[in-house]
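K.L.:
Protein chains in written order, with the numbering used here: chain A, 169 to 474; chain B, 11 to 181.
No lab work stands behind these hints, which were simulated from the structure alone.
Hints are supplied without guarantee of correctness; some may be wrong.
[As the list claims (entries may be wrong)] No more than 25 Å apart at the CA atoms, straight line, and that leaves these computed lysine to any residue pairs for SDA-like:
1. A:K353 x B:L51
2. A:K353 x B:A138
3. A:K353 x B:I49
4. A:K322 x A:P410
5. A:K353 x A:Y423
6. A:K315 x B:A172
7. A:K353 x B:M143
8. B:K69 x A:A192
9. A:K353 x B:S139
10. B:K69 x B:A172
11. A:K353 x B:L119
12. A:K353 x B:W142
13. A:K259 x A:V386
14. A:K295 x A:N248
15. A:K353 x B:A172
16. B:K69 x B:I148
17. A:K353 x B:I148
[To be verified] To give an idea of the chain A side of the interface with chain B (calculated C-beta under 10 Å), a few residues:
18. R212
19. L218
20. V219
21. T251
22. N253
23. L284
24. A302
25. N364
26. G365
27. L366
28. R367
These numbers were taken from a predicted model, which means no experiment stands behind them.
Every residue, glycine too, gets a C-beta built ideally from N, C-alpha and C.
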Amino acid sequence: MDSTQSFRFFNRGPSSVARLVFFAVFSLLLLFVDARYRYLESTRSALSMLVYPIQRMASWPGLLWQQAGDFYITQNRQHNLITENDRLQQKLLLNAAQLLQLQALQAENQQLRKLLEQPFRYDFSAKLVEITHAERDVFMRRVLVNKGENDNIKVSQIVMDDVGIVGQITRVYPWMSEITLITEKNHAVPVQVLRNGLRAIVFGAGNTSELTLRYTPVSADVQKDDMLVTSGIDGLYPPGIPVAKVISVVRDSVYPFANITCLPMGGVDKHRHLLVLSNMPEQVDRPLRELKNSNATSRGMTRSKQ
Amino acid sequence: MLARDINSRSVIERPVSNFFIFASVLIALLINGLPWGGIWLLLRPDFVAVVLLYWCMHKPWRFGIGLSWTVGIFADVSDASLFGQHALAYTVLAYGGVVLNNRLQMFNLRQQAIHVLGILSLTYIVYASVHWMMSGHITWLYFLGCLTSTLLWIPLSILFQAMRQKRVENE
């Protein structure tokens with residue numbers, strides 16, 4: 169029995185209590201600094217290079233599984249593949265037609281905006297990224313993707329899929345970056361009800377794939393099945409991209425705000441590939457915008473709602 | 011006693027190579043990093059915590075609080091959690107392991123598991139309280155991981171014991 173004990177013939181350095189206190193205090197300090205000031209991002213990205221191989225290896229089983237699935241599909245489901253191909257082709261045609269219409273509208277819109285002396289809506293470009301793994305913290309709604317600083321990904325860029333907004337880049341490492349999904353608790357997106365242009369802010373609900381429309385008065389005109397699109401007011405999200413669909417509206421006169429639950433449009437926890445939007449317009453300085461607005465109102469024009 | 015039976019075969023301290031310790035921690039980090047999701051993420055035992063606890067209990071002067079803290083920092087980076095969250099949790103865990111080291115050797119596996127449950131709950135309380143400080147709510151289901159980690163403790167310590175045994179017999 170005693171053989172398992174360490175004899176204290178030699179001094180083994182500070183006692184374990186001293187070590188515990190030292191490291192615990194150091195950890196608490198780190199926690200405080202990281203939570204409050206975010207000074208440690210460079211350290212984090214340096215350490216992430218060491219962890220990267222492990223993370224890469226950890227994503228292999230998932231990739232293998234997907235590849236096996238793909239292989240199975242190509243081998244045994246040729247029929248399925250053909251029908252899928254047909255469907256996609258049809259969709260492409262439909263989209264192409266819509267795109268033509270959109271381009272015509274865009275030109276018209278630009279011309280109208282020029283007439284109104286309004287700033288243009290900018291075109292943005294997109295970059296395809298692949299999710300390497302989901303966040304392993306149950307509390308967080310985040311995913312990590314396979315492109316980072318080396319591919320010119322920057323913090324606060326917007327991430328979407330083919331249907332709608334999925335999230336936002338919150339951290340960038342050399343070879344990967346972290347996306348906070350819109351379902352993350354307290355993550356806010358400024359939106360607008362498509363039907364009537366009502367502005368609101370949609371928040372993540374945390375542990376479920378739901379969103380809530382907070383601070384919307386009981387009297388606000390929001391109905392079930394209303395579509396919410398980005399309003400673009402914050403200068404971060406491009407305007408007009410679908411975000412969520414209202415699934416329930418509960419109005420209790422006891423509370424000043426209505427309890428509105430929405431479902432995200434984008435496949436927030438479905439897809440493997442996502443688009444990161446870049447080349448977003450620079451945010452206009454505040455005084456300038458106010459000046460423009462005052463000019464616009466002085467000429468008797470109503471303020472645009474985008 | 012059962013524990014004495016297990017330990018009586020090992021009157022001489024079995025050597026453990028640094029490589030074995032290092033590899034086991036690395037593999038635990040890898041398993042933690044597998045794409046777990048949904049309910050499996052809730053049920054997933056914290057492999058790194060269990061492995062660290064094993065080494066802190068069995069080899070406290072080789073694998074102590076300092077190394078556990080370092081592993082915690084790496085876990086923080088790979089989980090993209092706040093810096094210091096895992097580090098703090100693993101520091102507490104390692105201290106529990108080191109302090110209970112002598113006592114735990116006297117218990118059999120079942121009695122050990124009860125102690126391990128206590129230490130692991132402390133670890134999970136650290137996680138949960140850090141999260142609570144940041145966001146103001148606690149997900150109680152999160153503590154399921156604490157139970158599964160304790161269940162993992164039993165097969166894991168049998169496995170490690172067996173692997174260490176073999177190593178000696180080969181030499």
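K.L.:
Look at each hint and say if it fits the structure.
P.N.:
We went through each hint and held it up to the structure:
no.: 1; hint: A:K353 x B:L51; in the structure: holds, 18 Å
no.: 2; hint: A:K353 x B:A138; in the structure: holds, 16 Å
no.: 3; hint: A:K353 x B:I49; in the structure: holds, 18 Å
no.: 4; hint: A:K322 x A:P410; in the structure: holds, 22 Å
no.: 5; hint: A:K353 x A:Y423; in the structure: holds, 21 Å
no.: 6; hint: A:K315 x B:A172; in the structure: violated, 42 Å
no.: 7; hint: A:K353 x B:M143; in the structure: holds, 14 Å
no.: 8; hint: B:K69 x A:A192; in the structure: holds, 21 Å
no.: 9; hint: A:K353 x B:S139; in the structure: holds, 17 Å
no.: 10; hint: B:K69 x B:A172; in the structure: holds, 16 Å
no.: 11; hint: A:K353 x B:L119; in the structure: violated, 41 Å
no.: 12; hint: A:K353 x B:W142; in the structure: holds, 13 Å
no.: 13; hint: A:K259 x A:V386; in the structure: violated, 40 Å
no.: 14; hint: A:K295 x A:N248; in the structure: violated, 29 Å
no.: 15; hint: A:K353 x B:A172; in the structure: violated, 45 Å
no.: 16; hint: B:K69 x B:I148; in the structure: violated, 34 Å
no.: 17; hint: A:K353 x B:I148; in the structure: holds, 12 Å
no.: 18; hint: R212; in the structure: holds, 6 Å
no.: 19; hint: L218; in the structure: holds, 7 Å
no.: 20; hint: V219; in the structure: holds, 4 Å
no.: 21; hint: T251; in the structure: violated, 29 Å
no.: 22; hint: N253; in the structure: violated, 29 Å
no.: 23; hint: L284; in the structure: violated, 44 Å
no.: 24; hint: A302; in the structure: holds, 6 Å
no.: 25; hint: N364; in the structure: violated, 33 Å
no.: 26; hint: G365; in the structure: violated, 33 Å
no.: 27; hint: L366; in the structure: violated, 29 Å
no.: 28; hint: R367; in the structure: violated, 26 Å
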